[in-house]
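The residues making up each chain are set out below.
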Amino acid sequence: MALPAEHVRIQHEQTKTKQWRTKYMKNNAFRYACLASALSLGVALFSIVIFISQTGFLVFKDVSWKEFFFSATWEPFEEKYGAAVFILGTLYLTFLTLIICTPIALAIAIFIAEIAPTWLKNIMRPMLDLLVGIPSIVYGFLGLTILIPFIRETTGTLVGDGFLAAALVLTMMVLPTVTRISDDAICAVPQHLREAGYALGSTKLQVITRIVLPAARPGILTAIILGMTRAIGETMAVVMVIGNTAQFGWDLLTPTSVLTSNIVMQITNVQFDSTWNYALYMMAFLLLFISLVLIIIIRQLRPKGE
Amino acid sequence: MKDSLFHNHRKTIASAIYTNRLFHIFVTIITVTTFLLIIGLLYNILGKGLPKLSLDFLVKLPDELEAGGGIGPFLFNSFYVLILSLILSLPIGIGAGIFLAEYAPNNRFTEFVRTSVESLASVPSIVFGLFGYVLFVEYVGIGLTIIGAAITLALLNLPVLARVTEEAIQAVPQDIREASLALGATKSQTILKVVLPAALNGILTGISLVACRAFGESAIIILAGGTSTSGFMWDFNLLSQGGTLPVHLWYVQSEALVPDAKEIAEKSAAILVLIVLMISFTVRFPLWIQTLITKIKATPRKS
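Protein sequence lines, in the order shown, are assigned to chains A and B.
If you read the first sequence in the working numbering, its first letter stands for residue 30, the second for the next number, and so on.
If you read the second sequence in the working numbering, its first letter stands for residue 484, the second for the next number, and so on.
Hint data in this document are derived by calculation from the structure and do not stem from the laboratory.
It is possible that part of the hints are untrue.
[As the list claims (entries may be wrong)] Listed next, the stretches of chain A that the computed footprint assigns to chain B, with coverage defined by at least 3 CB atoms under 8 Å from CB atoms of chain B:
no. : segment
1   : 46–55
2   : 59–69
3   : 164–173
4   : 255–261
5   : 271–284
6   : 294–303
[As the list claims (entries may be wrong)] Away from chain A, derived, C-beta distances all over 10 Å, residues of chain B:
no. : residue
7   : 545
8   : 549
9   : 600
10  : 656
11  : 772
12  : 782
Where a beta carbon is used, it is the ideal one built from N, C-alpha and C, also for glycine.
If we strip away everything but chain B, and leave its shape as in the complex, we get:
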């Protein structure tokens, strides 16, 4: 009797170890295949588009009917709208984040603000687009414009900025604040000169996240900025049409008549991915170096 119990027990242990190993293999296989698949697809995009790229393509005007057109105005508009929307949303988003992290009392009002931030973050981009359309095309009556696109895009950025700022500020240790207050600084001085610099890493990462998202956004731009541009380069006029590169990619892929539409689409997609990767890297690279340096400094030297 005892013998068989012992035997059974050993069997369950053996099977538990066996399933454990199976599980390890299973999870590893899923992860590796998914990562390989995603990397393969990105490589596919970059590999197809990048070799054919030329500077000419990046600055030339698009052509409606003949092959060989560029994406100049669209690329320019992409950056222009992105920068405008960031200028509009950074102060408000960061301000809201500071309020939530530093000032917000624990009451109904704060709860309301938090709920709005989270809800705004989950509003589908097409709804933002329709809002921009009602506001700028129907009520203000300026039509599809760069400024309309930028303001609508800023609304998309706001909640993410607020949340990221709040999280970054909350991660700053309390004693730094207390030290600053003890030296006689006011709360606003403490926040601006002590807390924000300490939270800068987190905020910058958040900004890069927001910039990537805003750069690649297309539904909002179609509805508030239109699908075409003013048709010439370096047009800083806020009231000209605000089609950006993602929109152009969609337009070329679905409606364009040019014979080399496929090639333009491939190249545009490659540029989009490249720029998004660059935005992430330029923000993350200095941070990465910084953490590396602090790590090296922190390791005790052997004497």
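Bound-form chain A, shown alone:
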């Protein structure tokens, strides 16, 4: 008479094992799905590097690397592909942007982290976060409609396009990012370091310059380098204010060109299988290479074990 009960019990156990099995299968499936998504990021990066470099390196079939890197004559219609103007231009523009941006960003970060009262902090931080999201094309538009006429009036040049306008627009774009990350880095400095400084009789300035900033240095450097990667890769805002002429513009007010602006201005007008196109891809590969190197530097800056 105990048989039916036994039967029910076995059946119950069977369904339970089944449930367990599906539960663990789901568990594993989820795990592998996450693993696959993480892998796909690596795959994406590699395919980008491979696609861009494969196309880019074809340029050296027709152009010697000496000409590409050191010649300043970019005249695709006469088969002259010297990219020195653009390479140096990109480096120079980034350098200028950082020179203008870093002191301002640091000052604002110090103000927010150390000086501002809490209610002001709570307004300023979200505002900076909002500013990060403003489209770059809008900054370019602002530069074109407000900054360039202003530069034209104050300096008396004819065009107004050039490194100065581009650097100012980029500064405005990069500033919120650099400020927020530096702000985070300064806030992450443990409070007791500051208190020790104050206890020894330091003023706020002394605490900030001799204790807080040195302690927050890796974070601030990371902020500056991240700002650099944005400045190097920014395209549309720069295109609108730089003038797009293949010549050096060291004096800040001559129309010139950088890697990104040159690529986007010319890529849509060239044949895919032409040296001209390959040269543009090589320039994109240089951009990619520079930003990867910068990321490796950031990783080195970070303390081990993080």
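Based on these hints, arrange chain B on the given structure of chain A.
Chain B only, in chain A's frame:
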């Protein structure tokens, strides 16, 4: 001798206090001017464009030669491409973030994934654009399309999503996980039903960040989506040209022939800023209310 030492000391203290005050004033002035400048510029954009806006402008077709054209298809494309790219990138980005935060063992492979995430985040958008161009125009051969733009844009979103998710999940306290595991939940159940809801705030903020960036992106769209649209409204075809509003702003500003190009550009810029602000606010507003409520609840009542 002692007297003079004391005197000197007082002098250094006085000067230290003085420079400290100067420094305060200096930093405050820089911050205030920068903020005023930025707010002024944004106000300038919104003030110039918004008063002239009409619903007509938002849905009308653009005109190549005559004044009075709208931005309908571009605005539509902007949202269409944005939503498609988010649909494509959200599961993968969040999945990668979960892997890095919850599963990743401490070894070479994880290091590799982390490096790829960071490198991908720093790849210039124009390089993504060229990649999309090679892939979709040259290899697949479908030309400049909405789907090409959306997939390329998704690549731009991925690393940011992964990183934000990872950070948000790592901020979730360990005891919640342990409580869930102790109740017999599997790891995937714990993550999906306990950890993710707890990390939702951070993830949503990240998504709004990504959405703003993707909405305003133009270099990628020019190269993978083109500068024009199919030319009529509500075109859901994935293979028609995918020009978006930022691209249109650039096009109008630099190459258009219409006499009212300046006005169109001003209005488009204002709409762009407005929509970006709206995306940020709609995500942040509920979070803000929520923190406010928890704050009110947390303060002990006086009896």
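Evaluated hints:
no.	hint	in the structure
1	46–55	holds (count 3)
2	59–69	holds (count 10)
3	164–173	holds (count 8)
4	255–261	holds (count 3)
5	271–284	violated (count 0)
6	294–303	holds (count 3)
7	545	17 Å, holds
8	549	23 Å, holds
9	600	6 Å, violated
10	656	19 Å, holds
11	772	14 Å, holds
12	782	16 Å, holds
Of the hints listed earlier, those the structure fails to meet are numbers 5, 9, in rising order.
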